[in-house]
Amino acid sequence: MKAKGKTWKFGDDINTDEIIPARYLNTSDPNELARHCMEDADPDFMKKAAPGDIIVAGSNFGCGSSREHAPIALKAAKISCVIARSFARIFYRNSINIGFPIVESPEAADDIRPGDELEVDFDNGVIRNATSGKEYAAKPFPPFMKEIIEKGGLMNTIKSKR
Amino acid sequence: MGMTITEKILAAHAGVGRVEPGELIDAKIDLALGNDITAPIAIREFRALGVKGVFDREKIALVADHFTPNKDIMSAEQVKILRDFSREQGIVHFYDTGRVGVEHALLPELGLARPGMLIIGADSHTCTYGGLGAFSTGVGSTDLAAVMATGSLWFKVPESMKFIFRGKLGRYVTAKDLILFTIGDIGVDGALYRAMEFAGDTIDALTVEGRLTMANMAIEAGGKNGIFAADEKALAYVQSRTSLPFTVFASDPDAAYVDVREYDATKIEPLVSAPHLPENTKPARENGTTIDQVVIGSCTNGRIEDLRLAAEVLKGKTAHRDVRLIIIPATQEVYQTAMKEGLFDVFLAAEAAISAPTCGPCLGGHMGILAEGERCVATTNRNFVGRMGHPRSEVYLASPAVAAASAVLGRIGHPDELT
Ligand code: SF4
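Sequence lines, in order, name chains A and B.
Residue numbers for the first sequence follow the working numbering, beginning at 38 and rising by one.
Residue numbers for the second sequence follow the working numbering, beginning at 2 and rising by one.
Keep in mind that the hints were calculated from the coordinates and are not lab data.
Keep in mind it's a predicted model, so treat the numbers as computed, not measured.
Please note that the accuracy of each hint is not assured.
[As the list claims (entries may be wrong)] Capping the alpha-carbon separation at 25 Å, the derived lysine-lysine pairs in BS3-like fashion look like this:
hint, chain 1, residue 1, chain 2, residue 2
1, B, Lys81, A, Lys198
2, B, Lys29, A, Lys198
3, A, Lys188, B, Lys53
4, A, Lys176, A, Lys46
5, A, Lys198, A, Lys43
6, A, Lys198, B, Lys341
7, B, Lys316, A, Lys188
8, B, Lys268, A, Lys196
Turn these sequences into a full structure, and let the hints guide you.
Dropping the structure here:
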């Protein structure tokens, strides 16, 4: 599995209220949520971002509320993956559980610049920066989580074991 | 090598004698919680799985607290999903308007959270029940769906950090100030993926409610759970509310911690956390910021002890003419007790609005939303951008004592400035 797209860069401690504000949580419809994706971090984000684009952020991405609406909104907004220095615990779980690709790499998070064109290979964990020509290594997932991601999420994993 | 409380509870629920930090385990769940925002997605996922019945209809709590009483048609539709599912599945613990309270205040009150339990909730503040000696942690909606179907869930055993507080707290210094102080010290990701264990004579002297307030905010330091050893007080609290059984675990003296911090609690002052992160702690006294609103309530500080403290400060006073004071008892029981004790007379004389139990403004839902540029002192737990309304409004986190005093002063201040 690979992702390819342009970088949108954000800072540290981007919380789930910024990814999808609570004022839109009276629905759980993915497409409706996608319309407001990242709205409180960057009000014009959905006007600017194209399908396949990649978010690169600092540490503790996805902190705050446990709302799964956050990775759902990013996935429905067709963001192909998030690369961060580190992820908040529940966001990490939620992303794996719904099969939304996230990549932890402090080196990549620090070095990549806004607008850089990236190629992420989830199989070998290599992030290639086509703009600068640099390559970064992502932390590999433990086999247990890899299985969940490969099966397309937790529910599919449970189904396959029944 | 010994084990921490957290490790012992996880091992017991994974059916093994011992677990190590970093180990991935599959553990049995004693209680699973969802609310009107997170449960609809979990129910959708549960249905997609094609399972007929939930694993145990007595071990699931569905609490419609966020937008209660339903603020609009769309939120009413979300609650209806919970109601229909609860009827169909015979879910015992479904709570809606008139019976509902803010989930993390409600479950301990009902005796549903007890020492030694493994509790998960599709709500980040599920870590609250650590105040009673349970391992409890927030997860997502898909996790909740998986638990409703199978009764178990995967966990990575966290490393533990220990926070020891010593000494007697000064006047108007509360459990809220201790946890704000801790987050200010380690930062909003200072306990990322870790268990936060609290101990020391200051902690022993806290009420059970105070411990629930502290455990509630473990997530604001990135923590997986906050935990307190269940002592006599905790047992008395639980036994007064339920006859259901439970097991008490304690950390071994030689348990391993990645970090141990010791604090002199006598030096801690009433604090506020300034926008837009809970780690931005500052003394309330030196802060002259003018404010437009005060909210006293939420799963952090909406219990009876919190309202009593607010009433003590507000007695005989009126909120500043430029401040809207909103008081939200966290549950129906808190509401009734506050009324019986005459606290409402104090609040109404102070020109406060008293709301039915709800999360309401805490997450910018309803019942007290901020306009552009407005500032609010709140006893809640998050001061993120836009948390209580307009993206350019501000939330300052504080104890009920500081919040009540600030309401009267019209600016952030220390309760003793009123006397
Ligand atoms: S009171 Fe606030 S923090 Fe607590 S459960 Fe409700 S929305 Fe979440």
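Each hint, compared with the structure:
no., hint, in the structure
1, B/Lys81 to A/Lys198, "violated, 31 Å"
2, B/Lys29 to A/Lys198, "holds, 17 Å"
3, A/Lys188 to B/Lys53, "holds, 22 Å"
4, A/Lys176 to A/Lys46, "holds, 20 Å"
5, A/Lys198 to A/Lys43, "violated, 38 Å"
6, A/Lys198 to B/Lys341, "violated, 54 Å"
7, B/Lys316 to A/Lys188, "violated, 60 Å"
8, B/Lys268 to A/Lys196, "violated, 55 Å"
Hints 1, 5, 6, 7, 8, counting from the list given before, are not met by this structure.
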